[in-house]
Structures are given as C-alpha cells and as structure tokens.
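Trainee: Chains as they are written, first to last, in my numbering: chain W, 1 to 432; chain U, 433 to 720.
No lab work stands behind these hints, which were simulated from the structure alone. Any given hint could turn out to be false.
[To be verified] Derived DSS-like pairs (lysine-lysine); straight-line CA-CA distance at most 25 Å:
| hint | chain 1 | residue 1 | chain 2 | residue 2 |
| --- | --- | --- | --- | --- |
| 1 | W | Lys364 | W | Lys148 |
| 2 | W | Lys364 | W | Lys167 |
| 3 | W | Lys274 | U | Lys556 |
| 4 | U | Lys556 | W | Lys238 |
| 5 | W | Lys55 | W | Lys167 |
| 6 | W | Lys410 | W | Lys326 |
Keep in mind it's a predicted model, so treat the numbers as computed, not measured.
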Amino acid sequence: MKRRCSAISVVTIVLGLLVAACAPAKPTAMPTPVVPTPVPTTAPPIPTPVPQVVKIGGIYPLTGAYAALGEGDKKAIDLAVEEINAAGGIKSLGGAKIQIIYADSQGDPKIALTEAERLITQEKVVAILGSILSSTTATSAEVAEKYKIPYLNEGSTSVTLTEHGWKYFFRATPHDGFYCEEEFKLLKHMEERSGVQVKTIGLMYENTLFGKTAGDVWKQLAQKYGYEIVVDIPYDAKVADLSPEITALKAAAPDVVLLASYTQDAILITKTMKQMDFNAKAVMALDGGQILPMYVEAVGELANYIFAEARWNKDLGKPIAQEVNKKYRDRYGVDLDGHNARAHTAVYVLYYALEQAASTDPEKLRETLAKIEVPADKIVMGWDGVKFDEKGQNTLGHGCIVQMLQGEYKTVWPLSVKTADAVFPVPRWDER
Amino acid sequence: MDHRVLAQTLVNGLLIGGVYAIVALGLNLIYGVMGIINFSHGAMLMLSMYTSYFMFSLFGLDPLVSLPLVAMFLFLLGIVIQTLLIDRILTAPTISRLIATFGLLIFLENLALLLWSPNWRCIKTAYSVQAINLGGVLVSVPRLLAFVIALLLAGVLYLTIAKTDIGIAIRATAQNKRAAALMGINVPRIYKIVFGIGLASTGIAGGLLMTFYYTFPTVGLIWALTAYIACVLGGLGSFAGAIAGGLIIGVAESFGAIVISPAFKNLISFAAFIIVLLLRPQGIFGRK
Chain W
1 MKRRCSAISV
11 VTIVLGLLVA
21 ACAPAKPTAM
31 PTPVVPTPVP
41 TTAPPIPTPV
51 PQVVKIGGIY
61 PLTGAYAALG
71 EGDKKAIDLA
81 VEEINAAGGI
91 KSLGGAKIQI
101 IYADSQGDPK
111 IALTEAERLI
121 TQEKVVAILG
131 SILSSTTATS
141 AEVAEKYKIP
151 YLNEGSTSVT
161 LTEHGWKYFF
171 RATPHDGFYC
181 EEEFKLLKHM
191 EERSGVQVKT
201 IGLMYENTLF
211 GKTAGDVWKQ
221 LAQKYGYEIV
231 VDIPYDAKVA
241 DLSPEITALK
251 AAAPDVVLLA
261 SYTQDAILIT
271 KTMKQMDFNA
281 KAVMALDGGQ
291 ILPMYVEAVG
301 ELANYIFAEA
311 RWNKDLGKPI
321 AQEVNKKYRD
331 RYGVDLDGHN
341 ARAHTAVYVL
351 YYALEQAAST
361 DPEKLRETLA
371 KIEVPADKIV
381 MGWDGVKFDE
391 KGQNTLGHGC
401 IVQMLQGEYK
411 TVWPLSVKTA
421 DAVFPVPRWD
431 ER
Chain U
433 MDHRVLAQTL
443 VNGLLIGGVY
453 AIVALGLNLI
463 YGVMGIINFS
473 HGAMLMLSMY
483 TSYFMFSLFG
493 LDPLVSLPLV
503 AMFLFLLGIV
513 IQTLLIDRIL
523 TAPTISRLIA
533 TFGLLIFLEN
543 LALLLWSPNW
553 RCIKTAYSVQ
563 AINLGGVLVS
573 VPRLLAFVIA
583 LLLAGVLYLT
593 IAKTDIGIAI
603 RATAQNKRAA
613 ALMGINVPRI
623 YKIVFGIGLA
633 STGIAGGLLM
643 TFYYTFPTVG
653 LIWALTAYIA
663 CVLGGLGSFA
673 GAIAGGLIIG
683 VAESFGAIVI
693 SPAFKNLISF
703 AAFIIVLLLR
713 PQGIFGRK
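If we strip away everything but chain U, and leave its shape as in the complex, we get:
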C-alpha cells in the first residue's frame, strides 16, 4: 500500500473522528452530571443544524459566524427542556427517563418533517469543499476546523468544570446531589445550566456540521448513533473519553475501508468498540 494513501487514511480518520467527538461532547457532559442518557441528542443536533441553515438562508450568516448564536439558542432551549421535561422525570424509573427523551426525539423529528419537509438542505460556502494539500495528503478545511474547535471546546469545558465556582458546584452535584444541596448548592439550577451547556456544545457541533454536511429531519440518527458509541467507548461522562472514542471510531472506520475493504468499514469500527468494552467495560477513560 502506498504511503501517501495510508497518510491520507490516517488524516481522514482523525478529522472525521474529531467531528464524531464534538457531537459526543454534550451528550457525555449531560450523562456525567445528571446520569441521563439524552436520547433526544440527535434531534438537538438536527435543530441546531436547521438553525444554522436558516441563519444562512434568511440572514446570509456564514455557519462559522452564526456558531455563537446557534450555541446560545440551544443553551436556552436546553433550559426550557430541562424545566418542562427533564426536571419532572429525574426521580422516575430509568426506563421512563429513557422513553421520555426518546419521545422528545420522535416528536421533534416529526415536527421537523411537517415544518421543513424531508428535503436535504445544505449551505454552500467557499470553504465547504476546500482542502489543504500537504505533500499530496489532502486535509479538508471544514473538518480541520471542526477538529480544532472540538479540542478547544473540550478544553474550555474541562477548565470550566475544573477551575470555576460553577464547575465545582457541578462536580459536587454530580458526586452527590443531596450533599450538594445541603451545602447550599441550588441543584435544579445546576441541572438547568448543565443541560444548557450540553445542548450548547451540541449546537456548536451542528453549526460545524453544516459547513460540510446537509440537514434533514432524521439527520440526528446518523451522527448521534456514532456519538453514543464514542461515549461508551471512551468512557461515559468523560471529556477525554468523548474525544478518544470519537477519534478511535474515525480512524478504525477509515483504515477498515482502505486496508480491508470499504464494505467492512462499519465491521472494523464496531469490532474496535466490542474489543475495548471487553477489556475495559467502563470505557477507556471511564471510572468504575
């Protein structure tokens, strides 16, 4: 096999892995603090992609420019959903919690279908199909951006949780919400903030996706599935885990397609998933 092809394969894998990671980040944060697997994650991603799309089609805003706006909108949406839905089911049995967010997913997808039709929509920007040529290896510009922003976002989230007052309150809530409440932490408020931040980072992921991908009502399923796998693989509730999980899946898929056969792309990434779980059931960075 040609070295250039292998280098290209590695670059492809890392870049798409970075995209998987950024989609997984918000999901993992919410799970880590609240113990809720947000099954509406795909719908949130879809909503953020449509938001980014409409910012472009209605106001001419480039998806990179509208990134903070999309994140803000998703943050507010997160607070609304937390207040109206999640808050009320936090103490419900696990299965009810699963089904509630799953119901939200189905509802939002069908609402999108009704409002915006099943058509595929994408944003054409000057850089959406651009690539940088590094000695014959092509590096996709929008994916490189997504990759860099994913790392930055993970860093910022990590520092926020580790160093700030609100971060300490979040960690305290994650460890023991009753004890945290006794120490004067407003737990429902922390939950609102966490859900908001989780969705805001999903909003950033969606905005970045729109620089090279298209949106349609069930687009979430395509990306969210990989995000769930990345979270479990890397370790639930861990930022480093989301990044590692995303990268491993991206690289495994990429090499599987080139070294073995494109038909076995998913086989390789799922095999990697199963092997890691057999060796470390809690995921790479997960705690027992």
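If we strip away everything but chain W, and leave its shape as in the complex, we get:
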C-alpha cells in the first residue's frame, strides 16, 4: 500500500507539471529577444523603370497553431489588394498592380527570418507586410532592416518592437501599453461625464505573460492617473473555481475592476461575480476572451454592461468600416475582426505610400512612409489616421472599447467613432 501511495504521488506531481506546461500562450503579446544585427551583405534590389506589378512580401502564419489568425489576415489583405487593383492600381506608377507574395512563417521566429530573407533576395519584394505575432515580427523585421527594405507591421503589439532604433520598421497598430492606457482615458471621460468619482481599482489577470504584462502596465498607469490599486489578483486561467478570488475582490470593494483573461476563465469570472453578487461601477476587460462570440454565448445576459478592449468592432461609426466589412462578410461569411481589420489598413498605408513616392525604390518608399499622413476616413480602423514617429510607431492609433448593451457590443471609445454612450456606473446585479 505504501509503495502504491508514493507511486501515485509521483504521478500526481507529473500531472501537475503537465497542467502547468499546458498554460495558454498569447499570440500578440510576446516580447522576443532579438539577435544583434549582422553586417549588411547585399545591396537593395534595383527596381525596373516602369513596373507592371509591384511585389510586396507578406509573412504570415498560414499553417500551425496560429493559422486561423494568418488566414484571416490573408483574406483581408487579398480583399484590399483587389480593391486597389480594380480601382486602377498605383496611378503614379502608370497603373501598376500590387501583388502580394505570401510566405508561411508557421508562427516560428526562425522560419519568419529565413522567409524574409527569401522574399527580399529571391522574390525581390519592395516592402514587407507582416507578421501578426510579435516574435516573428521581431526576427523578420531585423532582416528587412539589414537589406534596407521597408517593413510595415499591422498588428504585433509587444512594446519593445519599436525600441530597437530600426529605420525601416513601421508599426501601424498601437502597442500593448497604449491599449491599457485607453482604458484609463475612458475611465476619466466617464467620471467627468457622469460626475461619479472613481478612486480605487482592483486588478484581476491570468498569471502568464499576457496577464502579468497587463498587470504591470496597469500599476504604472494607475499612479499616473491618480487611482489607488486596492487588490491585485493574478490567477490560473485553467482553474476549477474562482470563488476565493472573487471573495477577495468583494472584500476589497474596488470602484472599478480591470481584467486580463482568456475565454474559459472569462466565463467563470462573470458567472462567479454574479453568483457572489460582486458589484463594481465598471468591469473592463483587455482584449481577450470577453470579445469572443463563444464567451457571449456562454454567459448570455450576464455579459451585459461589461467593457472590453476590442481593437475593432463591426458597428464602428465610420462609413469605410461599414463598406469594407460588408464586402468582407459577403465574400467570406464572417465579419472583419480586430486582427484582420488592421491587416486591411496596413495594405492601404503601403498603397498610399507607393502612390506618393511614385517609385518602387525601397529607400524612397521608406522616406515616404516616415512622413506619410493617412487620414482617418481612408482606413477601416477607428484610428485618427496613420502618422509614424521617429521610432516608426503610429501616433494616431486608438483602441476600440466596446460595452455590452442589450446583448450587443457597442463601440463607446474612442468618441470619434462611438455608436453608443457608455453606461456608467453600471447597474448592480439586483437592479438589472
């Protein structure tokens, strides 16, 4: 009996390790160590005088664990390219058509690196679009930098990507720090509008990289915006029960709760909050499980009044977003989402740069991108436009915070594209 006991204990521990090893990974929030820049070896490719076709590389995870994200982006890019070519291509280049040469990164930083090399040296692309994951963007952008080829990133949000001093790297999307700050801006706005003060904040985040990074950023921002963090709860997303966590939250009674969750834990949190009758003036989730249809379906009307950072929403109050989404839905049967709407935007940024540069010379294209100003009404994202700073970061980006109102996510932030006024403070559970 004794021997059996110890055998079982060992196996139990092994199982425990298995659970730990299966912790989910967050695609867009991976800071990646970057190898030092090798010395440039090849000169940039020389463009033909009157191009018929302008080749642009597209590095995306088209197979593997992130294939669904890659496929979504590819569809949006194909749609954008088709729109541009059907409207006469790049007019300043005699109507040259855009052609995307795709390369499959498989979500692997090493493969992204070699594919970038291949696109530049063999396919002779004039620019690269890519690559969703921060980890693959870090390695492939490094190669583009080496060959002096402009790299336009649509949606990798790790803060560090624009901190390398790269000259050929441009990021259209806001980064993670920016998204967190949007929540605080919305809070300030709602305080002013309602006259209800927010003093204390509770944090609840899953305890791997995605959640912990958010937790750290929130702590800095709370200081900057003058809020006190009264409870700080990291938790395991693959958990049987979150009632101790919600009890701790309830005991601290923060005015507002900020969440960073995946899907299954988001479901559990919402249900437990209801069951334990936990009320806050607002519960705000960072881009994560709460925006997925699966979450909404699982918790039903309990989702009402929750805020979520969605990056893009199909109800966005701007005509181009509605038009493009309709085309996308007619063709693919689903709506655009926060990921592929950014890919669609990136293609247009590159198109306007080519149009303005009137050249396929990568050097000229880089100079144009560095000073380009794309107005808000030309892109599907709810941003104020696209304009890069000296680090290559778009300074006009915005988050897109939605609130669940009568069973539908309505855009409440930024105010320029809102489709509803935020309900704040939200009604208590017993008043709903």
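Based on the hints, put chain U in the right spot on chain W.
Mentor: Here is chain U on its own, set in the frame of chain W:
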C-alpha cells in the same frame, strides 16, 4: 479580517471541496477494489459532462433531470471498458496498467476534440448562478446541491459495500481475489460491476458539474488532478477519505486565497497535501 468574509471563505471552501470529493469518489472506489489507478478518470468526467450537455441541447433535459441517465450511460461504458481493456491488463506490470488507462485518456480527449471542437460549452439554467443569502454569506445553489449529493452518494456507496451481498462480494474480491474466486465469487463480473459503479458516480459528478461549469475536451485535467490529490490525501480506497481529502483541499485553497494572497491559493493546498502525507503517508483514512 471581517467575520463575514471569513464565513464566506469557509462556505466557499466547503462547497467546492464537496465538488472535489464527488469527482474523487469513483476514482477511489476503483482503486480500492481493483488496485487500478484509472488515469482515464478525467476523460470519463469529460464524457459525462458532454453527455449531460447533449441531453440538454438535444432533448432539453435539465442536468439534474438527466443525472440518472448520465450515470446509467457511464455505468454501461464502464462495463464496456472493463471488458475490452482493463480485464486484459489486470495481470500486466503496473507500468503497463498505468499507460493503458493514460492512453485511453489521450485517445478520448482527442476524439472529443475531433468530434466536438475545442469550444467551451455550458448549460444555462435558472439556478446555475443562483445563491442563497444567509445573513450576508452567499451559498451557491448548484454547489450546495453537488455537496449534498456527494455526501448522499458516499453514504449509498458505503451502505452498498457494507450491507449488501454484492458489497460483501466486492469486499472479498478487494481483500483477496483468489480466495474470493474459490468461494464461488465471479471475480471478472465483480470487476465489471465495480468499474461500472465507479464510472457511474463519475457520471453523477459530471452531471452536477454541468450545472455551473463548462465542458471542453480537456476539462478532465482540471478536475481530475484535484481528485487524485484528494484521494491520496484522504486515503486511497476510502470513501470517507475521498470526502475528507476533497474538503481539506477546498478549504485550504479558499483560506489561502483570502488570508494570505490569491496568488498563493495552490501553494496552500499543496502545502496541506505535503504536510498530511509527511505525517500520515497512507492518507488520513488510508490503511497501511
């Protein structure tokens, strides 16, 4: 610390502990009689949760109503698995037995992934997020149900084993299967019944879980891990042990989160686990 918070913490811990206990019961029965650690326990729990889910989505049956049906289905499944797999490996070396049930777990999880996608599915009932307010302490209705049914089930299983003919035969088989066979007990049949009963109680656990939790192909891992710990902690093969183990883990987790920090929730429950094993390696109710 506020008294109400402490009372709430105790209630939370006991209720979730009751749920852990009911998940552990079937596991402990099978081990107690057959000496088999059923590593496919998590998959059985997952199958019972999906069964309960489909009873609801296809036939509109409330998970509490379908509880006996789910238990029946799992009982039959238990007999099938016992006949086709376990029977053939009973005399195999320990490691082969472990790996066989582990293989079954992997197979069933992947089959579920293929058939039902990795999506989370849950049942919305009127009571799934209801709570009874006792002087400011909230008692979750579905968990209270699970708790009460866990105690009832343990009682029924105990009485069955202690008082009925089949129970005596089961105990005889557990003590010495060769002697039992010589006394005219049909040992393979007893094993089938035990495996069936073990899975049926897992079926009841799964059905009860569906009243407040969601299911997905690897849901078993989340609950089964705690069930293994509860069994070892309380004493392998003992009904009282499964209940005690489940309750201790539930309460330790709950107080760890409130009194120390939510980040240390698992630290406290595992510390309790290690301390009990150091003092009583056979578990609280285990026999040496």
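Trainee: Each hint needs a verdict: does it hold in this structure or not?
Mentor: Against the structure, the hints come out as follows:
no., hint, verdict
1, W:Lys364 - W:Lys148, "holds (11 Å)"
2, W:Lys364 - W:Lys167, "holds (13 Å)"
3, W:Lys274 - U:Lys556, "holds (13 Å)"
4, U:Lys556 - W:Lys238, "holds (21 Å)"
5, W:Lys55 - W:Lys167, "holds (21 Å)"
6, W:Lys410 - W:Lys326, "holds (18 Å)"
Checked against the numbered hints above, the structure breaks none of them.
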